[in-house]
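Chemist: These are the residues of each chain, in order.
Protein chains: 4
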Amino acid sequence: MLYFNNDYSEGCHPSILEKLALTNFEQTPGYGMDGYCLRAAALIKKLCNNEMADVHFLVGGTQTNLTVIDSLLRPHQGVIGAESAHIEVHESGSIEATGHKVLTLPSADGKITAAQVADCVTAHYEDEAAEHMVQPGMVYISNPTELGTLYSLDELTALSAVCKKYGLYLFMDGARLGYGLMAHGYDVTMADIARLCDVFYIGGTKGGALFGEAVVFANPMISKDFRYLIKQHGGMLAKGRLLGLQFCALLEDGLYFELAKHANAQADRIRETLDALGYDYLVPGITNQIFPIFPNSMVEALRRDFCFNTQQKVDEAHTAVRFCTSWATEPGNVDALCKKLRELSE
Amino acid sequence: MLYFNNDYSEGCHPSILEKLALTNFEQTPGYGMDGYCLRAAALIKKLCNNEMADVHFLVGGTQTNLTVIDSLLRPHQGVIGAESAHIEVHESGSIEATGHKVLTLPSADGKITAAQVADCVTAHYEDEAAEHMVQPGMVYISNPTELGTLYSLDELTALSAVCKKYGLYLFMDGARLGYGLMAHGYDVTMADIARLCDVFYIGGTKGGALFGEAVVFANPMISKDFRYLIKQHGGMLAKGRLLGLQFCALLEDGLYFELAKHANAQADRIRETLDALGYDYLVPGITNQIFPIFPNSMVEALRRDFCFNTQQKVDEAHTAVRFCTSWATEPGNVDALCKKLRELSE
Amino acid sequence: MLYFNNDYSEGCHPSILEKLALTNFEQTPGYGMDGYCLRAAALIKKLCNNEMADVHFLVGGTQTNLTVIDSLLRPHQGVIGAESAHIEVHESGSIEATGHKVLTLPSADGKITAAQVADCVTAHYEDEAAEHMVQPGMVYISNPTELGTLYSLDELTALSAVCKKYGLYLFMDGARLGYGLMAHGYDVTMADIARLCDVFYIGGTKGGALFGEAVVFANPMISKDFRYLIKQHGGMLAKGRLLGLQFCALLEDGLYFELAKHANAQADRIRETLDALGYDYLVPGITNQIFPIFPNSMVEALRRDFCFNTQQKVDEAHTAVRFCTSWATEPGNVDALCKKLRELSE
Amino acid sequence: MLYFNNDYSEGCHPSILEKLALTNFEQTPGYGMDGYCLRAAALIKKLCNNEMADVHFLVGGTQTNLTVIDSLLRPHQGVIGAESAHIEVHESGSIEATGHKVLTLPSADGKITAAQVADCVTAHYEDEAAEHMVQPGMVYISNPTELGTLYSLDELTALSAVCKKYGLYLFMDGARLGYGLMAHGYDVTMADIARLCDVFYIGGTKGGALFGEAVVFANPMISKDFRYLIKQHGGMLAKGRLLGLQFCALLEDGLYFELAKHANAQADRIRETLDALGYDYLVPGITNQIFPIFPNSMVEALRRDFCFNTQQKVDEAHTAVRFCTSWATEPGNVDALCKKLRELSE
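Residue numbers (my numbering), protein chains in the order written: chain A, 100 to 445; chain B, 100 to 445; chain C, 100 to 445; chain D, 100 to 445.
No lab work stands behind these hints: they were computed from the structure.
Heads up, some of the hints might be wrong.
[Stated by the list, open to error] Some chain A residues judged to face chain D by a derived CB distance under 10 Å, without partners named:
| # | residue |
| --- | --- |
| 1 | Asn123 |
| 2 | Pro174 |
| 3 | Ala229 |
| 4 | Val398 |
Yeah, the Cβ is synthetic: ideal placement off N, Cα and C, and Gly gets one too.
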């Protein structure tokens with residue numbers, strides 16, 4: 100069985116394990132106060148071109164989302180997101196468990212627009228009974244989205260402007276950020292993101308680390324006391340150096356971006372095959388996620404040798420599936436997948 | 100500087116890193132549904148002599164405490180604990196953040212008694228205004244406690260009985276469980292704990308793992324849907340196999356217990372030196388934590404070469420400190436500490 | 100200005116004020132333990148034909164909704180409701196503030212169907228990642244709905260069955276229950292509701308009381324410790340007798356139902372006028388709420404003399420508004436409204 | 100049976116019922132936006148000598164406490180209070196249900212001191228592991244306290260200064276504020292309180308109203324969006340005018356203060372009798388609560404004719420009880436109590 104079902108099936112890039120082994124018996128302070136976390140934070144500030152940025156390391160994405168959102172919203176505020184947003188759909192109600200509503204906007208491609216946000220906020224304040232409704236306090240976007248799409252620089256700039264205009268925080272979930280930044284022809288840099296968002300995170304778990312997400316606040320005014328919230332929500336790793344070490348390994352020499360490029364290149368090869376065979380996509384993409392639409396019989400046939408996810412039924416006879424490549428995807432496995440796709444399409 | 104300040108300053112036992120390296124490119128299902136988690140759970144059930152037990156793996160202790168407690172209490176219930184309980188003092192209000200009060204009982208040595216619990220519960224129900232107060236729903240104990248003390252088999256049996264009598268869950272925080280079970284002359288086994296508690300956890304973070312706590316529910320009736328709660332609280336590790344692998348490494352050949360024995364033996368050597376020099380303790384102990392009372396000048400002098408924690412002021416001239424050994428403590432460092440203790444006591 | 104904007108613009112039926120005055124200097128126990136609450140509960144049990152029922156009195160509807168829902172759901176569970184449900188739209192995120200998600204179903208008329216509920220629940224459990232999503236734990240319906248529509252006996256029976264089948268609680272928000280039960284040709288009785296729902300409430304605030312909602316649990320197994328939750332959520336009125344007294348006044352001689360009949364009759368008069376003038380409705384109705392669709396100019400013209408709510412834009416030129424009659428609506432005011440409607444339609 | 104068990108056994112002062120009857124059929128906007136609320140707010144601002152003050156009306160004390168505290172604390176903050184504070188002891192964990200810990204200080208008389216607060220806060224920030232503990236964010240005091248004691252102007256001034264110094268909000272629970280302000284020789288005015296506290300409330304429920312508490316924020320900066328929080332916590336009364344009307348009735352001509360004086364005068368008569376008979380008090384007092392210490396046999400004998408609360412056991416043979424007078428206490432009942440006290444003391 101060959102796995103194209105996600106980007107977290109393997110352990111981590113070997114250089115991380117080496118670094119862990121090499122430093123294993125060093126004694127360091129706990130809870131993220133060690134030198135490796137400091138150094139990783141410095142690397143990230145440089146990538147963000149923002150010396151003011153405040154960087155924190157957490158273990159996983161849901162934990163990061165709930166902690167960031169809970170730290171910035173007042174009790175009566177909610178977070179605006181696409182109806183397909185990870186926080187709305189796949190985090191077991193973690194945002195609600197901190198007391199906050201997810202205010203959803205319709206979205207076909209996983210993205211939301213500045214105009215949608217503006218409409219949502221103005222509709223709220225124009226309502227006589229505004230205080231009977233949840234007040235929008237933040238916009239959550241994921242980039243790449245859950246459907247692998249990307250926000251252009253113009254779109255991000257517009258979202259940032261609308262958030263500033265209406266006093267909302269802009270938060271980007273970057274669980275797969277590397278795959279986005281390295282996508283062919285993508286016009287957004289990490290420094291752009293750091294400039295346009297109030298807070299975002301750089302995903303390690305899906306990008307070659309054992310685990311770990313690096314949260315970047317644009318300025319320390321809004322991250323005041325964030326460490327209390329990390330601890331309160333159970334996200335403060337005792338041996339915090341494990342997080343610092345991993346991000347050092349990923350960011351010191353650009354490994355994070357190399358790994359993302361590799362994944363995207365493998366995905367591009369699959370896309371080329373699909374294009375040649377004439378398949379449609381649920382939504383087009385340029386990152387490591389691919390959502391082709393197949394006849395149901397084809398899906399069944401593929402399942403014999405490959406592991407992948409069903410995204411959704413398109414009609415009675417067709418299903419959209421998801422192939423996901425990763426930093427660890429073997430080119431040989433992509434060969435096998437492409438070969439099988441061609442065979443089944445004859 | 101030699102570190103005796105905690106038991107999580109280093110990475111992990113090298114055999115864990117080896118196991119991680121060896122299995123690094125295996126592809127496994129995520130979120131704890133992999134074979135290593137299954138195998139680790141089986142090992143734990145065997146140690147607990149309970150095939151019915153339901154085992155889950157989480158990353159850290161605070162996360163484990165808040166998830167277990169939130170999963171078992173109804174909204175109007177609180178958890179009884181010592182006034183020095185970790186959940187009361189050092190978890191940033193994580194229990195309250197899930198909506199529950201910690202109902203504290205006075206304790207000089209970190210332990211609470213069955214009689215205290217019975218008094219607390221009966222006082223609640225005898226009060227006419229009981230429903231104006233938080234209803235006790237669970238008893239939380241740590242073993243070893245935050246002061247390194249241990250519950251005897253009789254004490255645990257009595258606590259278990261009083262909990263059953265009054266319909267409370269009994270939950271043991273075993274962040275340092277190995278150090279307790281391996282203490283010289285301790286009469287309690289893991290099977291006893293599994294039999295007497297409704298739920299407890301086996302601490303990996305402080306016992307030689309990179310991270311990880313294994314939660315054991317006595318039966319699956321009370322752990323229904325626990326995985327939803329892990330996910331909701333951000334505690335579900337995407338690469339769950341990292342947890343399974345570590346507990347396999349620790350428990351397959353008794354490594355967990357060997358490491359604890361080592362730490363205790365090093366602590367015993369420090370205790371022997373302190374005894375010989377005639378120092379008193381804040382509270383006596385037989386595990387890896389030692390709480391001697393020193394003249395303030397002695398504390399200052401020790402700080403030049405050794406890193407350790409201040410526990411509390413005892414009087415104007417004396418302070419209780421904490422030395423903590425671990426699975427990783429070098430005997431040579433203990434030699435150095437003992438030598439310095441003797442020098443400073445001349 | 101004549102008010103048709105809601106059913107809580109006036110104080111209360113005068114017989115309630117009389118009762119308050121008459122009993123004002125009696126000394127009674129607080130917090131709902133007085134004889135009036137007992138007596139009101141007995142009257143309600145009789146109306147429900149259920150001696151086992153457990154009755155509690157709260158001050159307002161949002162308070163009642165959040166307390167009932169929080170008391171019955173486990174932390175990882177959500178409540179299913181129409182996308183127009185009061186708890187979703189107009190309670191300032193009160194359900195989320197207790198940690199629970201509202202799982203919305205599309206609805207054109209404010210109602211949801213048993214088939215929708217079944218689909219929602221089976222989709223949840225069929226998903227491999229079910230535990231990454233909020234588990235449905237309850238169905239919330241309002242009857243009459245926010246759009247004035249009513250569930251038929253068949254529809255309620257089907258909802259009750261589907262809830263039983265899938266282990267969900269069925270909760271009916273009866274803020275306007277009297278107006279529903281007294282609607283011409285409505286085939287459901289309070290005993291039916293008590294038999295088919297696990298919990299529901301009888302709205303006093305909108306039905307002639309100063310305030311007050313009577314919650315009825317089908318059996319005391321599911322309302323265990325409900326008083327703790329009332330108190331915890333700040334809903335336990337010190338002078339609880341005020342609630343008992345009001346429900347005694349409303350239910351002893353059928354006043355509650357007489358008042359509802361009056362409101363419905365006045366609404367029927369408005370509907371007859373609208374029908375004669377040929378206006379359409381956003382949704383048809385037989386209770387005290389009417390949602391006609393008017394040209395925008397008509398809405399503006401009406402605003403000069405009448406106070407009413409805008410429900411929604413229907414198209415660029417038309418708007419659906421809401422007229423609401425109540426127990427206190429003066430027939431003369433209805434005459435004036437009907438006259439103006441005719442004038443403006445010439 | 101004569102009742103001295105609390106100050107909320109009767110309905111309300113008759114002038115309130117009259118006002119309710121007189122205005123019953125007026126149509127007013129809901130949710131506290133009516134003219135009576137506006138007028139009552141104006142009266143309160145004048146009493147507070149603060150035109151900037153922001154006034155809100157809620158139904159009950161627990162509701163008020165939880166809403167105010169939740170609105171002002173960030174998620175990782177707790178509220179400092181006496182170990183006997185109402186929010187700690189008698190509100191069913193309502194503060195914890197909003198996610199916040201109550202940080203208790205020891206207190207023999209129900210009061211806490213500025214020095215205690217300063218110690219608590221400095222201890223927090225001096226701790227290396229501060230972020231592992233709940234951060235103090237507010238000081239809660241009740242005045243009169245749960246033991247009927249009062250803060251002097253000096254004490255309040257010192258508390259206010261220490262709160263400003265350390266960035267804490269000062270919140271006064273004034274459930275029995277009138278009884279305090281009217282106590283013989285008390286040197287604090289409502290304007291003092293409004294000047295020294297960030298937020299406080301004027302208790303109506305225990306002071307002659309049917310229900311109702313008037314929250315006063317010193318300035319609208321800190322009460323931003325408070326109405327959202329009232330609604331979210333289920334505290335927004337649909338017929339908000341009931342609250343406005345009652346506070347108008349109580350404050351227009353000083354009735355609130357007259358009623359409190361009456362209660363205090365009756366309590367003074369009991370105190371004089373007790374003093375003459377030589378009884379001790381658990382804590383001395385000058386408001387409407389009296390806590391004498393009686394032999395157990397005396398308590399039993401009194402119970403035959405009088406209803407009152409047991410406060411606590413003092414020793415095996417003695418018990419402290421609580422007599423509570425109110426705005427409604429009949430002087431004849433006090434005569435009867437004093438007579439019985441003398442008889443039983445012969």
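Chemist: It remains to establish, for every hint, whether it holds in the given structure.
Modeler: The hints, checked one at a time:
At its closest, the beta carbon of Asn123 of chain A sits 25 Å from a beta carbon of chain D; the interface hint therefore is violated under the 10 Å criterion. Below 10 Å, beta-carbon pairs count as interface contacts, and Pro174 of chain A has one with chain D at about 6 Å; its hint therefore holds. Look at Ala229 of chain A: its Cβ gets to within about 8 Å of chain D, closer than 10 Å, so that hint holds up. For Val398 of chain A, the shortest C-beta to C-beta distance to chain D is roughly 45 Å, which exceeds 10 Å, and the interface hint is violated.
Of the numbered hints stated above, those contradicted by the structure are hints 1 and 4, listed in ascending order.
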